[in-house]
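J.: Spelled out from the first residue to the last, the chains are:
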Amino acid sequence: MASSNAATHSHAHDHAHAHDDHHAPTGFWTNYIFSTDHKVVGIQYGVTALFFMLFGFGLMMMMRWQIAHPGEALPVLGPLLEKLLGSNMAGKGIISPDLYNSFGAMHGTIMVFLAIVPLATGAFGNYLVPIQIGAIDMAFPKLNMASFQLYFWGGVVMFTSFFVPGGAAQAGWTSYPPLANAIPTDGQTYWLIGMVFLISSSLLGSANIIATIIQLRAPGMTWMRMPFFVWSQFVAAFLLLLAFPPLEAAGVMQLMDKVFGTSFFLPTGLAVGGDLANISGGGSPLLWQHLFWFLAHPEVYVLILPALGIISEIIACNTRKPLWGYKTLVYSALMLGFISFIVWAHHMYMTGMSTKIATFFQTTTMIISIPSVIILTCLLLSLWGGSIRFNTPMLFATAFLPMFAIGGLTGLPLGFNYSDIHLHDTYYVIGHFHYVVAPGTIFALFAGIYFWFPKVTGRHMNEFWGKVHFWGSLVFMNVIFMPMFSQGMGGMLRRMSDGGINYLLRPELLYMNKVILYGAIGLALAQIPFIINFFQSISGGKKVTSDNPWEATTLDWQTPTPPGHGNFDRPMEVFRGPYEYSVPGHQTDFTPQNEKPKA
Amino acid sequence: MQIPYTSKPRPDTGLYNAKVGLWLFLASEVMLFGGLFSAYILLRTGHEGPWPRGWLSVPIGTFNTMVLISSSISATMAWAACKMGQFNRFKMFHGITLLLAILFLGVKSFEYRDKLTHYWVETKSGVVADGHLVKKTDTEVVLHGVRTSDAAVLYDRTSADYKKLHHEEITIPTADIKKISNYQPKLNIYLSLYWCITGLHALHLIGGILVFGYLWGPGSSMWNRDRERFTNRIEIAGLYWHFVDLVWVFVFPVLYLF
Ligand code: HEM
Ligand SMILES: [Cu+2]
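The listed protein sequences derive, respectively, from chains C and A. Residue numbers for the first sequence, in numbering that gives the first Met the number 0: 0 to 598. Residue numbers for the second sequence, in numbering that gives the first Met the number 0: 0 to 257.
It is possible that some hints are incorrect.
Straight-line C-alpha distance at most 20 Å; calculated SDA-like pairs for lysine to any residue [unchecked claim]:
{"#": "1", "chain 1": "A", "residue 1": "18", "chain 2": "C", "residue 2": "140"}
{"#": "2", "chain 1": "A", "residue 1": "185", "chain 2": "C", "residue 2": "140"}
{"#": "3", "chain 1": "A", "residue 1": "123", "chain 2": "A", "residue 2": "71"}
Partial list, computed: chain C residues near chain A (C-beta under 10 Å) [said to hold, decoys possible]:
{"#": "4", "residue": "136"}
{"#": "5", "residue": "210"}
{"#": "6", "residue": "286"}
{"#": "7", "residue": "350"}
{"#": "8", "residue": "576"}
Where chain C lies over chain A, by a calculated footprint (3+ residues, C-beta under 8 Å) [said to hold, decoys possible]:
{"#": "9", "stretch": "35-43"}
{"#": "10", "stretch": "90-103"}
{"#": "11", "stretch": "233-247"}
In case anyone wonders, no lab produced these hints; they're calculated from the structure. The beta carbon of each residue, even a glycine, is placed where N, CA and C say it ideally should be.
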């Protein structure tokens with residue numbers, strides 16, 4: 000019953016205050032490019048971020064080929080790279096160490112700042128937060144448009160940097176100075192400018208999400224009636240709002256080091272390539288690490304919280320049960336948010352910090368794992384005794400739980416400095432955070448795409464190909480990331496274009512590079528059904544037969560399909576909590592939040 | 000169909016949307032300048048050798064502090080005038096804010112220019128000269144300032160030793176120069192911080208001036224259409240302005256006095 004929204008459009012025009020009327024857009028540009036409608040902005044974010052995710056994935060594939068076959072020419076793409084990037088970067092189609100470093104730095108940057116976070120907060124947050132709280136749009140639609148534009152152009156700057164003299168940034172997604180300054184490439188300058196764009200975008204976006212949640216909740220939508228997804232976005236937005244500005248400050252300082260020759264992060268007596276660098280000195284490389292990780296640790300919770308939110312919605316709906324411990328989930332998310340500001344130096348145990356400071360950060364790190372485990376436990380217990388519907392979104396959601404658990408538990412040995420001294424900067428760390436982000440967050444994002452696709456497009460994605468996508472992804476994700484733990488414990492260092500052969504304590508682990516490459520190829524193949532399914536279903540998928548195809552309780556399913564401008568065809572009022580499934584005595588096994596209680 | 004609470008406060012939060020947005024924005028700004036000040040603290044406490052003191056003119060800085068504080072007062076008066084429905088009074092006070100802001104930037108650019116014509120010269124014979132450039136030719140550099148063979152004295156300019164130095168015209172043959180630089184950001188870490196922090200602060204002022212200018216000029220026509228919403232705009236512009244003012248109240252002692 001994909002009802003049209005024409006009625007709401009027409010009466011939008013007879014308000015007295017012409018200037019703050021919320022008009023439906025007209026024309027191509029205002030409709031699709033400079034739209035202020037939160038749903039369009041959300042879709043813009045989604046499409047752009049998915050593109051960047053594919054691109055970042057492509058960089059990773061080339062890197063995996065390189066470490067599995069050091070010194071060999073890259074098949075098919077090698078000659079193309081040589082033509083595009085020059086023969087000092089990819090001579091004879093072989094990926095040079097410099098190019099490998101560029102790919103590595105840009106893979107990390109793109110995946111974190113241009114793919115996952117924009118998808119989780121920009122796309123899902125923008126599309127769903129207003130409709131889940133019963134609002135007609137975000138609090139500041141024009142700012143919303145601006146934050147997408149800033150994100151987009153930040154991405155363009157990052158992308159362009161591949162083609163500047165010296166190539167893209169090579170100092171990792173963490174851009175540690177003095178390395179970042181010593182590498183003679185303009186790519187680093189582009190990286191910094193791109194980051195300033197992305198940070199500004201995320202500041203506008205997060206302030207908007209928070210203001211929307213505070214101000215635009217429908218009547219009756221009290222804080223403890225908000226779906227957990229909204230809570231997760233709320234906390235994530237606060238993390239972005241407060242953790243990013245110090246990195247913006249640091250970015251400006253590194254930019255000054257690059258452009259004006261200052262030495263904020265460059266120590267006196269710095270030698271580059273054996274010669275004393277011609278700098279004024281007096282700066283501190285550690286300062287950068289502090290400012291960077293002050294952002295980047297909260298950032299990892301920005302990566303995971305929205306994922307937990309998506310998973311919660313899907314689990315509650317598909318087990319037909321209320322979430323186990325909704326309030327506990329909310330308080331844990333808030334605790335995660337607070338504590339994530341005081342653990343950052345666990346990334347810096349190797350910098351020679353005093354044991355007292357290390358003890359402080361070990362303690363906070365252990366404390367922060369408590370709310371993470373609580374959240375996971377609540378979600379796990381929510382499955383208990385449910386009659387679970389294993390559709391594609393639910394498969395991804397259930398697989399998320401153990402994958403996230405592996406990622407989180409492998410973090411504990413990293414959180415103690417005595418074990419981290421051995422594991423730091425090895426593939427173990429790569430394994431750890433990829434388990435949280437790849438089969439963790441990315442699975443949650445896939446789950447979300449399959450789950451809300453019918454609402455956004457009015458059509459279902461194909462279930463069979465969804466399951467093929469799921470099983471392929473699950474198997475190959477583990478083929479890729481599981482061996483990294485043993486390689487890392489065997490001493491294989493990250494960020495080495497030859498895989499760190501010279502340092503490896505157990506050379507017999509090297510063969511795993513090939514296994515991982517095959518895994519990566521398998522994972523790429525497993526995405527093909529998804530891509531085809533996604534585009535094919537937009538026009539050819541099975542049509543939804545109701546506005547609430549999953550029979551869910553939250554307000555996002557009370558809109559017409561797809562929601563028109565202004566979202567709802569009647570004003571929303573909320574009478575109950577978000578997860579009233581299988582309420583005894585009710586004639587259906589779900590009670591929408593806006594259903595009036597019987598008198 | 001309208002977004003609610005664009006000008007009326009939401010009953011349970013007591014705030015209209017833009018005010019929430021502005022407070023959130025200010026929270027992030029606190030973290031931005033907080034990051035810069037932490038950088039200052041870390042770099043200063045970890046610094047080896049003497050830290051530059053007394054390199055900036057305290058009278059000029061004090062004057063500018065007064066200018067900004069006055070502008071905050073006039074911004075508040077402008078908002079009060081709106082609340083009382085006195086448009087002309089609003090125009091006057093808001094205009095005063097704008098003029099004071101421009102005055103601040105004028106003084107600031109005078110200070111910047113002063114720094115760019117101020118030179119630090121180290122000679123091969125071990126003498127350090129420091130002063131304003133009088134003349135620079137192929138064979139010599141002429142400064143008006145002080146010289147000493149103990150560079151440490153030049154760092155703490157509040158000290159008695161420095162005050163004993165004699166201001167004069169100093170001619171240095173080019174052949175004798177080991178290092179010459181004006182007070183640009185890269186001369187030393189103190190100046191890097193000075194340029195970075197005051198520069199970002201100045202950018203905030205420029206942003207504020209654009210908004211204030213718009214609200215004084217074309218934007219003020221909203222007064223006739225939607226008085227309440229216009230008054231809100233003046234209020235949040237004012238809040239932003241107080242914040243920029245407050246940042247300066249920290250910048251001034253940190254860079255000029257300590
Ligand atoms: C609950 C537990 C967690 C603990 C105790 C933990 C601990 C750590 C520690 C100590 C490191 C630094 C290792 C090193 O560099 O030597 C690290 C790295 C990392 N963690 Fe976690 N972590 C946890 C959860 C997460 C989550 C939920 C995410 C993301 C969604 C995440 C993402 C990352 C990333 C991206 C890095 C690597 C950063 C880099 O060096 O490039 N972690 N983790
Ligand atoms: Cu961390």
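J.: At a Cβ distance under 8 Å, does chain C reach at least three residues of the stretch 233-247 of chain A?
T.: violated (count 0)
J.: Are three or more residues of the stretch 35-43 of chain A within 8 Å, CB to CB, of chain C?
T.: holds (count 5)
J.: Close enough to count: is the Cβ of residue 286 of chain C nearer than 10 Å to one in chain A?
T.: holds (5 Å)
J.: Between residue 18 of chain A and residue 140 of chain C, does the CA-CA distance stay at or below 20 Å?
T.: The given pair, whose Cα atoms are some 15 Å apart, holds under the 20 Å limit.
J.: Double-check residue 210 of chain C for me: the hint is only fine if its C-beta lies closer than 10 Å to a C-beta in chain A.
T.: It holds, given that the least Cβ distance between residue 210 of chain C and chain A is near 4 Å, below 10 Å.
J.: Given as covered by chain C, does the stretch 90-103 of chain A meet the bar of three residues or more with CB within less than 8 Å?
T.: Violated - the stretch 90-103 of chain A has 0 residues with a Cβ nearer than 8 Å to chain C, which falls short of three.
J.: Can we keep the residue 576 of chain C interface hint, with Cβ of chain A closer than 10 Å?
T.: violated (18 Å)
J.: Against chain A, with CB atoms and a cut of 10 Å, does the hint on residue 350 of chain C hold up?
T.: Violated. Min distance 13 Å.
J.: Using 10 Å as the Cβ threshold, decide whether residue 136 of chain C counts as touching chain A.
T.: At 6 Å from the nearest chain A Cβ, residue 136 of chain C passes the 10 Å test, so the hint holds.
J.: Take the C-alpha atoms of residue 123 of chain A and residue 71 of chain A, compute the straight-line distance between them, and say whether it is at most 20 Å.
T.: violated (50 Å)
J.: Next pair to validate is residue 185 of chain A with residue 140 of chain C; report whether the Cα-Cα distance is within 20 Å.
T.: violated (42 Å)
Checked against the numbered hints listed earlier, the structure breaks hints 2, 3, 7, 8, 10, 11; every other hint is satisfied.
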